[in-house]
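Chemist: One-letter residues, chain by chain:
There are 8 protein chains.
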Amino acid sequence: MDSPENKDLDFAVIDSHRDKRTGYPEVVFCSGKTTDQAEAIIVRMREQGLPVLGTKADGVLAERILRRFSDAEYDEISRILTLGSVRPKNDRKGLVAVVAAGTSDIPIAKEAALSAEFLGSNVELINDVGIAGIHRLFNRLPDIRKARVVVAVAGMEGALAGVLAGQVAVPVIAVPTSVGYGAAFGGLSALLGMLTSCAPGISVVNIDNGFGAGYQANLINQTTDQ
Amino acid sequence: MDSPENKDLDFAVIDSHRDKRTGYPEVVFCSGKTTDQAEAIIVRMREQGLPVLGTKADGVLAERILRRFSDAEYDEISRILTLGSVRPKNDRKGLVAVVAAGTSDIPIAKEAALSAEFLGSNVELINDVGIAGIHRLFNRLPDIRKARVVVAVAGMEGALAGVLAGQVAVPVIAVPTSVGYGAAFGGLSALLGMLTSCAPGISVVNIDNGFGAGYQANLINQTTDQ
Amino acid sequence: MDSPENKDLDFAVIDSHRDKRTGYPEVVFCSGKTTDQAEAIIVRMREQGLPVLGTKADGVLAERILRRFSDAEYDEISRILTLGSVRPKNDRKGLVAVVAAGTSDIPIAKEAALSAEFLGSNVELINDVGIAGIHRLFNRLPDIRKARVVVAVAGMEGALAGVLAGQVAVPVIAVPTSVGYGAAFGGLSALLGMLTSCAPGISVVNIDNGFGAGYQANLINQTTDQ
Amino acid sequence: MDSPENKDLDFAVIDSHRDKRTGYPEVVFCSGKTTDQAEAIIVRMREQGLPVLGTKADGVLAERILRRFSDAEYDEISRILTLGSVRPKNDRKGLVAVVAAGTSDIPIAKEAALSAEFLGSNVELINDVGIAGIHRLFNRLPDIRKARVVVAVAGMEGALAGVLAGQVAVPVIAVPTSVGYGAAFGGLSALLGMLTSCAPGISVVNIDNGFGAGYQANLINQTTDQ
Amino acid sequence: MDSPENKDLDFAVIDSHRDKRTGYPEVVFCSGKTTDQAEAIIVRMREQGLPVLGTKADGVLAERILRRFSDAEYDEISRILTLGSVRPKNDRKGLVAVVAAGTSDIPIAKEAALSAEFLGSNVELINDVGIAGIHRLFNRLPDIRKARVVVAVAGMEGALAGVLAGQVAVPVIAVPTSVGYGAAFGGLSALLGMLTSCAPGISVVNIDNGFGAGYQANLINQTTDQ
Amino acid sequence: MDSPENKDLDFAVIDSHRDKRTGYPEVVFCSGKTTDQAEAIIVRMREQGLPVLGTKADGVLAERILRRFSDAEYDEISRILTLGSVRPKNDRKGLVAVVAAGTSDIPIAKEAALSAEFLGSNVELINDVGIAGIHRLFNRLPDIRKARVVVAVAGMEGALAGVLAGQVAVPVIAVPTSVGYGAAFGGLSALLGMLTSCAPGISVVNIDNGFGAGYQANLINQTTDQ
Amino acid sequence: MDSPENKDLDFAVIDSHRDKRTGYPEVVFCSGKTTDQAEAIIVRMREQGLPVLGTKADGVLAERILRRFSDAEYDEISRILTLGSVRPKNDRKGLVAVVAAGTSDIPIAKEAALSAEFLGSNVELINDVGIAGIHRLFNRLPDIRKARVVVAVAGMEGALAGVLAGQVAVPVIAVPTSVGYGAAFGGLSALLGMLTSCAPGISVVNIDNGFGAGYQANLINQTTDQ
Amino acid sequence: MDSPENKDLDFAVIDSHRDKRTGYPEVVFCSGKTTDQAEAIIVRMREQGLPVLGTKADGVLAERILRRFSDAEYDEISRILTLGSVRPKNDRKGLVAVVAAGTSDIPIAKEAALSAEFLGSNVELINDVGIAGIHRLFNRLPDIRKARVVVAVAGMEGALAGVLAGQVAVPVIAVPTSVGYGAAFGGLSALLGMLTSCAPGISVVNIDNGFGAGYQANLINQTTDQ
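Protein chains in written order, with the numbering used here: chain A, -10 to 215; chain B, -10 to 215; chain C, -10 to 215; chain D, -10 to 215; chain E, -10 to 215; chain F, -10 to 215; chain G, -10 to 215; chain H, -10 to 215.
Watch out, some of these pointers could steer you wrong.
Said to hold, decoys possible - Straight-line alpha carbon distances no greater than 25 Å define the calculated SDA-like cross-link-like pairs of lysine to any residue that follow:
(1) Lys9(G) to Phe127(E)
(2) Lys9(A) to Asp132(E)
(3) Lys9(H) to His124(F)
(4) Lys9(D) to Pro40(F)
(5) Lys135(C) to Asp8(B)
(6) Lys9(A) to Leu130(E)
(7) Lys9(E) to Ser74(E)
(8) Lys82(H) to Gly12(G)
(9) Lys9(H) to Ser74(G)
(10) Lys82(B) to Lys82(C)
(11) Lys82(C) to Leu84(B)
(12) Lys9(D) to Ala158(F)
Hint data in this document are derived by calculation from the structure and do not stem from the laboratory.
Just chain A, with the same shape it has in the complex (with noise of 0.2 Å):
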């Protein structure tokens, strides 16, 4: 075993034609890393040339970055963690709408929206407009229409989705999130009403993976764009 990409790294092999098959690099999924492990995996990719996105990554790992990568941002409260980005900032495409349904979601509602823009899209990302007042939801309505792909992000019981989808011509990508407590199970709930919502145009990522959610709608935003 001697191609470059794990020479001198015994517990990381970077997927090095990842931007060649799927059309973007690598991300690193920092929680679960030790910090030596994660900066290490920066580190290399960065001597590749590749843009790094890091998602979920704690404050210790951040700062050593930030210390060492001058172009290095983190964003406290997605715990997002960039250097460069796949598309310079002034040529992002299309538009996605990153919609959450209370103040408790934003965190993974800007991890959506953050990792959306560092892959090339450009943003709305608009807070607090849950079902239960839902008016607030409808005021918004002509920003969210004039997206490509629409991410909703809600906890409890999901309900921002479904209602979504019922008034939009584009997918929507559903993110449930662990807010809540008790019959909230850790997000199952939320997880489950999206799933079987009944209104179509949905589809589902894990529970606070607003990355994945992200991922999909730059996807489906690009695709659009070419």
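Could you slot chains B, C, D, E, F, G and H onto chain A? The hints should help.
Modeler: Structure of chains B, C, D, E, F, G and H alone, referenced to chain A:
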């Protein structure tokens, strides 16, 4: 043990004082009893002069009772069987709105409606106003707002309850139904969604328990009436 | 988007018409929001002249609000934070009985009681009358029967709700709590028990959702009062 | 391998020393065996002079055995099949009270009762004393208190066990049943409720395991008798 | 209430503006409705000049509709019933690849394929390329890569979705199926596997929801086409 | 309400007649109560002359009680706190065998043992005889067979209960523990295993409920003794 | 796409290189396929000269295949269908012991045994040696210890696997079965018990997956043989 | 009871004949034992001349043992603690390949690897070859195919096991890990995926049970070697 209520039924003890404690006679949950048992209980209640509400009654039992008692009524869709009622039809009070999300929820919605009517409430039944086309619900809000209590019946993600609770000034009794498949897990998705709704003013009964919702709605409606 | 309610909060949209639709202002669920966010929402609601009910508020937030507003009140046990109330204390209506099965259920029972009082109901709080020594409950039945609605708060098997519903002529709102261990599974045992009770006249809110029960109970109590 | 017990049955090894180790012969759980297998096992036990208790036996097997052995008895409701008994009827000992919450719980309650009788206990079967009308239970407490052990059989929320355990000075063996629907989840609600009851003095057997409860109750009752 | 859509169906409100809001007419989920109800809804939609897609339609309904409408088509395997289509066959756009892991997944895969075709997409259906013999999948990658969106249909561990998402540059819509037994728990294993896949670019619909996947895939494919 | 038992504790109602109904005084489940509440209840019981058993008591509470009452005893491993006992040590009756599968199960086994001793039983505690090396259990069978009732304490697969029940002629009370990880799911695996054991003569208490098992075992042992 | 393996089956791609990669031909899981599909696959494999093992085959399919191929064999109990075998009967290697806990586990045990024989192993099948009468198992240990690998088949609490693994020096492959009711939850109790056993040397296959166990056992046995 | 093994440890019975029955000495599962207990057991095993493998050992225990025994070794990542080994390093046999899907799975993979080495196998550890970039796995297949048994370690959807089993001719032991979040439910998604894989030749151990997999792999590898 020689009280009148258990003289000759060795498998059932009719709670003949229930009326005095709770304001309403006992109700016969027919499923799980043999046809002979259910029939014997109904006959015995009739002998005691009590009006009878039988829930989840199958056609075989219904046929027997209809043949035996000329004032018996049976609704095939909701499987509700009645002999008389707590209040005469022309003396029903207040208003309960029973709102069903989809056509498949109608059996349970009718179970709620007929139960509440039997117990003495006026009922308005409103069908197929699920959240995928939410204007259908908004079209009916003026009717719904006339009620003193709303019963929201929905399967799948059960979002109807939360949307309704944000629009009305009265209590919402939510009934999750087992309508749906896959991740609906027999009504679990709707149940969890209704329990964790971000909108206050909702309380929930068991999956497919139309009777329980109609009973609770009538209780609220009647108390209001005093 | 230039409506007054979202002029300067980018993370929250206060539902300032909620009052008109549902009769009560929005409530602040503090858990899951940062202290800064919760504080800003409370300040904004205050500026709009709204009374504030904060639920699941931690001590840090409480201290900040108590320092800032002289009429703020905080109850450590239930973690309820209030500024003003919907009705003045001397104009509360009707009666809600809040009944707690055990000493460990008191925090949630108090959350229900303080919520209902904030919204305008008189409340009687009755503690430690679980079903293991059922005469303790029966001793208190005369008090409980004075209420227009009963809130039953219990963890473990949650049997209090069913026993109560068989003894009173008014609606029972059941609150399962996460009290217990092992097969209590964080309140699941009480939740399932309350949902499947053989006694009608019960509807259930989320595990540990004292506020939701207090809100629903007040709604029933107040409607009754009109 | 040439011991008498497996000479000609290749699908079953009768545990012929069980009697000596545990005081009671093996019992035949008929469900899951083919009719031929169950019949062959019963015939073999008969040849060895053992009394036979068959549980969850269907009508086809029962008919075959009744035709073959004149002293066989079959109870359709509980699906209990017996040939002889461990003690003659007139030599039964002590007293086991089997208490069923509702009419639908009777099949399992009778399974417990007939099992305990087969094994040598006197049994009192008390039906339909669920907690929704708790005076029905209290009316029967004097009878129940005569027993050395109580079997409490209930579906739905299963609260009967906890209420009973707070009223008697002997062990309660609780049997959750699969009676109920929706959130009863096939007996899970009753099972969890019985396991987490706040009243001590309860231990629980499997859902619908009337036999297991009758066996355990007899064991306690008989030991007491020595 | 006098709008045309609910003039004579008391059990259903056809959402006749859905077309304008979302670009596609309502779809009839036949399971859970009576044959009479489903038929009446289809007739009514026909009268309004709408093309009809009926999902999970049983043979009895199909026979009635086929007898009544000469242009009706029914596919027994997928239980898809159509009358007309949103776009004529010769005007379908783009390409959706529907990839089935095993022979037993074909009914759901065909449901996805026929739904996407009805809505206006060209579809390539590729069967039996599960991951146990992964070269079968790799043989078909050139075909799959021609599509603008891929639907991955798999039961059991559902790993097809993750492997595919690592090989293509377009969105993957994953459909878990209930194929499998034991720990497949009715599709739960595939659902959880697809949701938690380490490969980004996947979003998931409900278990056995071929229609939902076909709808979402068409939405992405069509948007792309504009 | 002026009965002696609730004169000055507003958070607890000591069930002072429990003794008469069930033969044993109330027990204090300390977890979930504040230290102040637990202390106050213990002090009050002391004033009423009752012996006190506190379960799941933490070190802070223990220290306070040990300082206050010279006859208090605390066992750190099982977190059992006692003041006096129901019977004096030299007047304990019969024999309960408490058998622990592994070293990690000892805290719960000791909770059972100390509870049964407090209530008046002689106890033999036998450790680390799990089924992986089953001869260790068989070596101790002569000791175990001297008991009138056996408590089997085990986590993981919980097989100890079933093996034991096949070897003894007395009731086995099974205690699943939360020992284990992964698919042990906090004791669920042991709980389900014990409930479904093919060996009759087992009944089960809640996960980690050593006290409940000790209580039930003592009840059986004592009844036997009369 | 013109490879021989999918020339005329549009619903299945026979993995004709499987043999080379894994040492064994593909196996036909018949359940979930239509009879026509299963038959066509078997015919095609036959044409390619491959021996065929069909699992979970129903009687209708079996009849067709038995009529068509004179060397086909069908075992009704295990629903195993074979045409030829990987090794001739007189050239089977080593020894696999398949041990079934109870009579009801025999269908799955036979599925394991016949699968391993088809693939080339000698098999000893040992029935009804569950842990409730553990001497029955110990009587057979000398036979079991002759095997190079042991398959342990058990439902309910599944304890057989752990007891066996503590007694033998070879790998144990555990098969949980769906035998049991109530808290057995379709095999979940046995599955969790086997996964969490305190005895090392066990690995587990899916519930009721006798084939999977036989395949794995043969793999171990054959490798050993080389 | 006077056998040497339990002379002075009252909390543990070392199974000193395990060696003879199963070929390997007992292993110390350190988690759940107090540091004192674990230390005492290790010391006792040392006195009996047994090599020691401690799993899930925390740093505090490790430090004590390293200070006390000069030949002790501790690996922080896998928390494996060893004193000596079953075979000397230069006498290890065969080859076990341990394959980890991602960097976060390395602790469990190393637990498997070090366990197998301790027990006498040569091990090749291969990291970060998850299925999202499947060529990384295919690059390493030549190495993997040299092994007599493969351990596949993966969290999230756990698909690595199924892909591997379709590519090798030896048994795969699958270890689900708790790596992942949301619908990974602590390893449940990987566990179910591995159990239900469509590829035969897989058997599964408990979530995060690296040791169990290493033990089983060594057992297969060693048997093969004889």
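Chemist: Taking the hints in turn, state whether each one holds.
Modeler: Consistency of the hints with the structure:
A C-alpha spacing of about 18 Å is found between Lys9(G) and Phe127(E), which places the hinted pair at or below 25 Å, so the restraint holds. This hinted pair checks out: Lys9(A) and Asp132(E) have alpha carbons roughly 17 Å apart, not beyond 25 Å. With a C-alpha separation of about 13 Å, the suggested pair Lys9(H) and His124(F) falls inside the 25 Å cut-off, and the hint holds. Simply put, Lys9(D) and Pro40(F) have alpha-carbon atoms about 41 Å apart, too far for the 25 Å limit, and the pair is violated.
With a C-alpha separation of about 18 Å, the suggested pair Lys135(C) and Asp8(B) falls inside the 25 Å cut-off, and the hint holds. Between Lys9(A) and Leu130(E) the CA atoms are separated by roughly 15 Å; this keeps the pair inside 25 Å, and the hint holds. Pair hint Lys9(E) plus Ser74(E) holds up; C-alpha atoms about 17 Å apart against a cutoff of 25 Å. In summary, the hint linking Lys82(H) to Gly12(G) is supported, as the alpha carbons are separated by about 23 Å, within the 25 Å threshold.
Of the pairs offered as hints, the one joining Lys9(H) and Ser74(G) is violated, with about 37 Å between alpha carbons and a cut-off of 25 Å exceeded. The hinted pair formed by Lys82(B) and Lys82(C) meets the criterion: a straight-line CA distance of about 23 Å does not exceed 25 Å. With a CA separation close to 23 Å, the supplied pair Lys82(C) and Leu84(B) stays within the 25 Å bound. Taking the CA atoms of Lys9(D) and Ala158(F), the gap is near 9 Å; set against the 25 Å cutoff, the hint holds.
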